[in-house]
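This is what each chain is made of:
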Amino acid sequence: MKKLLMGNEAIGFGAIRAGVGLVTGYPGTPSTEVLETIAENKPDDVYCEWSVNEKSALEVAAGASYSGVRTLVTMKQVGLNVASDPLMSLEYIGIKGGMVILVADDPGPISSQTEQDTRRFCEFSKLPCFDPSSPEEAYLMIADAYELSEKYATPVIFRPTTRICHACAPIELTERICEPAKGEFVKNPQWVIFPRLSFAAHKRIEERNALLRHENSSYSGNTIIGSGRKAIAAGGVSYAYVREAMELAGADTALMKVSTPYPFPEDKALELLSGADEVLVFEELECVIEKELIYICGKHGLKKTIHGKLDGTLPIAGEYSVSLAEKAICAYLGLKAPESVQLQMPALPMRPPVLCAGCPHRASFFAVKEAMKGKKSFFGGDIGCYTLGNAMPLDMVDTCLCMGAGITVAQGIKRACPDTYCFSFTGDSTFFHTGMPGIANAVYNGTKLTAVILDNSTTAMTGHQPNPSTGFTATHEVAERINIEKVLEGLGVGMIRIVDPFRLNEAIMTVRECAEYPGVSAIIFRAPCIALVKPKKPYRVAANKCIGCKKCITAIGCPAISFGNKKACVDSALCFGCGLCADVCPVGALSVRKEND
Amino acid sequence: MNNILLAGVGGQGTVLASKLIAKCALAHGTPAHTAETIGMAQRGGCVVSHVRLGENCFSPLIPLGQAHTLIAFEPAEAVRCLPYLREDGNVIVSNTAVKPVTDALKPSYDAEAMLRFLQSTPYRVHVVDGVNICCECKTTKVLNIALLGAAAKLGLIGVSAAELEAIIDTEMKEKFREMNKKALRMAVNV
Numbered sequence: 169m170k171k172l173l174m175g176n177e178a179i180g181f182g183a184i185r186a187g188v189g190l191v192t193g194y195p196g197t198p199s200t201e202v203l204e205t206i207a208e209n210k211p212d213d214v215y216c217e218w219s220v221n222e223k224s225a226l227e228v229a230a231g232a233s234y235s236g237v238r239t240l241v242t243m244k245q246v247g248l249n250v251a252s253d254p255l256m257s258l259e260y261i262g263i264k265g266g267m268v269i270l271v272a273d274d275p276g277p278i279s280s281q282t283e284q285d286t287r288r289f290c291e292f293s294k295l296p297c298f299d300p301s302s303p304e305e306a307y308l309m310i311a312d313a314y315e316l317s318e319k320y321a322t323p324v325i326f327r328p329t330t331r332i333c334h335a336c337a338p339i340e341l342t343e344r345i346c347e348p349a350k351g352e353f354v355k356n357p358q359w360v361i362f363p364r365l366s367f368a369a370h371k372r373i374e375e376r377n378a379l380l381r382h383e384n385s386s387y388s389g390n391t392i393i394g395s396g397r398k399a400i401a402a403g404g405v406s407y408a409y410v411r412e413a414m415e416l417a418g419a420d421t422a423l424m425k426v427s428t429p430y431p432f433p434e435d436k437a438l439e440l441l442s443g444a445d446e447v448l449v450f451e452e453l454e455c456v457i458e459k460e461l462i463y464i465c466g467k468h469g470l471k472k473t474i475h476g477k478l479d480g481t482l483p484i485a486g487e488y489s490v491s492l493a494e495k496a497i498c499a500y501l502g503l504k505a506p507e508s509v510q511l512q513m514p515a516l517p518m519r520p521p522v523l524c525a526g527c528p529h530r531a532s533f534f535a536v537k538e539a540m541k542g543k544k545s546f547f548g549g550d551i552g553c554y555t556l557g558n559a560m561p562l563d564m565v566d567t568c569l570c571m572g573a574g575i576t577v578a579q580g581i582k583r584a585c586p587d588t589y590c591f592s593f594t595g596d597s598t599f600f601h602t603g604m605p606g607i608a609n610a611v612y613n614g615t616k617l618t619a620v621i622l623d624n625s626t627t628a629m630t631g632h633q634p635n636p637s638t639g640f641t642a643t644h645e646v647a648e649r650i651n652i653e654k655v656l657e658g659l660g661v662g663m664i665r666i667v668d669p670f671r672l673n674e675a676i677m678t679v680r681e682c683a684e685y686p687g688v689s690a691i692i693f694r695a696p697c698i699a700l701v702k703p704k705k706p707y708r709v710a711a712n713k714c715i716g717c718k719k720c721i722t723a724i725g726c727p728a729i730s731f732g733n734k735k736a737c738v739d740s741a742l743c744f745g746c747g748l749c750a751d752v753c754p755v756g757a758l759s760v761r762k763e764n765d
Numbered sequence: 002m003n004n005i006l007l008a009g010v011g012g013q014g015t016v017l018a019s020k021l022i023a024k025c026a027l028a029h030g031t032p033a034h035t036a037e038t039i040g041m042a043q044r045g046g047c048v049v050s051h052v053r054l055g056e057n058c059f060s061p062l063i064p065l066g067q068a069h070t071l072i073a074f075e076p077a078e079a080v081r082c083l084p085y086l087r088e089d090g091n092v093i094v095s096n097t098a099v100k101p102v103t104d105a106l107k108p109s110y111d112a113e114a115m116l117r118f119l120q121s122t123p124y125r126v127h128v129v130d131g132v133n134i135c136c137e138c139k140t141t142k143v144l145n146i147a148l149l150g151a152a153a154k155l156g157l158i159g160v161s162a163a164e165l166e167a168i169i170d171t172e173m174k175e176k177f178r179e180m181n182k183k184a185l186r187m188a189v190n191v
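As they're listed, the protein sequences go chains H and V.
Heads up, the first sequence stops at 765 in the working numbering, and the numbers go up one at a time, no gaps.
Heads up, the second sequence stops at 191 in the working numbering, and the numbers go up one at a time, no gaps.
Simulated from the structure, these hints should not be mistaken for laboratory data.
Remember, predicted model here, so these are calculated numbers, not experimental data.
Heads up, none of these hints are tricks.
Simulated pairs of lysine to any residue, SDA-like, Cα-Cα distance not exceeding 20 Å:
no., chain 1, residue 1, chain 2, residue 2
1, H, Lys210, H, Leu172
2, V, Lys142, H, Ile698
3, H, Lys504, V, Glu88
4, V, Lys139, H, Gly745
5, H, Lys170, V, Thr171
6, V, Lys20, H, Glu340
7, V, Lys107, H, Thr722
8, V, Lys107, H, Cys717
9, V, Lys142, H, Pro706
10, H, Lys705, H, Asp668
11, H, Lys170, V, Gly159
12, H, Lys171, V, Asp170
13, H, Lys170, V, Glu56
14, H, Lys762, V, Lys139
15, H, Lys170, V, Met2
16, V, Lys107, H, Asn733
17, H, Lys504, V, Arg87
18, H, Lys171, V, Gly159
19, H, Lys718, V, Asp104
20, H, Lys718, V, Thr103
21, H, Lys171, V, Glu56
22, H, Lys504, V, Gly66
23, H, Lys702, V, Gly12
24, V, Lys107, H, Gly732
25, H, Lys734, V, Thr103
26, H, Lys171, V, Thr171
27, V, Lys107, H, Asn558
28, H, Lys719, V, Thr103
29, V, Lys107, H, Ile715
30, H, Lys705, V, Cys136
So the derived label-pair ranges between C-beta atoms look like this:
no., chain 1, residue 1, chain 2, residue 2, range
31, V, Leu106, H, Ser740, 18 to 24 Å
32, V, Leu17, H, Asp212, 29 to 35 Å
33, H, Val360, V, Glu175, 56 to 62 Å
34, H, Ile345, V, Asn57, 25 to 31 Å
The beta carbon of each residue, even a glycine, is placed where N, CA and C say it ideally should be.
Looking at chain H on its own, in the form it has when it is part of the complex (with noise of 0.2 Å):
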């Protein structure tokens, strides 16, 4: 019977079927559910960690693979940037137990700080790549990512995007192909990085990879079908694309899908040129597909024009559709362009993200904006639900470049405008991710900054992942909690304090506390996301004393809140009960719904 699985499930328990032994990573959208789909599924004879972070996942998932153990590592394609320097250096050492990096790219972006290409970073490291087109596909071709890992002792990539990801396929799921390998460590010289080593290694990966561009063109995931001196090549969910655009303008020509873009199978592309003029190419993000066909023409002197990306006729970013790639296909193959509908649309309501109602950053937020009134001062954000704060009227967030900078990126600002009281917003994901060196920065150099701490007690952006400071596992064992402010004191805060962010008065007198330490500071706002906890009692407006004001709606902006007949009114289907609204009112309009009302 066939299951209706996403794209992510069906890679989980693709890798438990190739006889995975061993999962770690890092939660970030879109490759999240990956590793979640086999914590809850797993064998007993699979490990599976949720680690603190990419690189940690990457190195631990290493040291199995040297004992022979099959692992799977997982991330976005961002995590990948964090966990680069274990990957650089590993594809020269090499693995034994086969290794798969599942890194997810996010082409748009739809929930990333970038559109990087992970396929560019194989091409970078040297690691061979596999690019499913389909849920369907993924699931079968982690089993062969593992084989080619194990055949040259080379960890693999394997990268889908966010359209297989969380895409949902019915998938049949046969049982597993091996058992996890019991490890054992064979102590040997090649375990230990030095630059002679590295030297020959160099060599032995270039030869691979020359030898896997013929390999690779017999693989069964590379295919050409149809003719056409006109043809078409694509790579990853453009292939899906193109192959549905293709049936909705009656195009009929060569296509040639590339599921290993690199090393990339040459001879496979030799096939596809010596019948074809031109090909156009489909492929999200960067143009690898495009420039290894222009390259290999150069190199073997063949006059074909290769059009895509680097000639204007495909757009360079965001994502691919099948409407775009029709129009394109019917624009090259002199076809009929489709038709459609034209309506004049009126104007639409724009729906940013807000943070949740009753989500305690909003309070975290608002006690730090009331104390600073009137101060130049600076609020560092970073990655996470809190992200979130920036939108008005919070407007709390300044800067966001990665995970963990809003620690050091405020301690930049603090030495070029030494008059701004400096602050950073950090998560208790991303505190352990990369916060800690930030703050151990800051202490050693002596840069006064208050570091405020969102302790939700979950990794919440993500879907509520366990980290560090939650005591259990992503496997739900119970854990070794680690206390953050005795990380804080430990690393020489000088100042720290714990405090709820919904007994506003005392919030807002610790951050003017903390704000006029001489040092470096730390609060930590501590409260649950509400995806952890049960509503309170919703709260409501009584009519006869709401003035309308809107002050409930301009100073924290909950989505709870609406406004009509000039009174302020809240949805109790909404309403979670933190009562912040209640803090603001000038006039105790907003109070506690009672049983009967």
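Given the coordinates of chain H, work out where chain V should sit on it, guided by the hints.
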């Protein structure tokens, strides 16, 4: 191929609704593919779920101009997603308007005008009185099942109202079943 697009605002229950349609289809032996919005946009942003029933599905997303049915949980989201509809497409739309937070600061959204605009388009538009159904069931959480019921009654989603009633028992927690069945019946027996 039957393409069904579900559109709403984060938190309205579009994902569960798309899963229910797909699970019913798979139980019939009809291949089903879906695609969802996950991540930051879920926090009060626009969300769409694509459901594709039948053979030869390549793209996880429904191409523009190819949706047979648009199920909109909210009037403005119905309008926003019209470009996905085929010329002969159906719109099932709830009259439950969700105003963006910014609307309280600077009013910009008139739900009645959105519904009037929908009625003026060449599409077949069916308005579901979600306001009344949610009020009667005392929760907005039943809106998804009510909309599915309305679409099932019109024969648009390859699933019957009886099948929806049956899947409530298998897919939902016991304490939510009765209110969902009530909403389903209200939507079907209009």
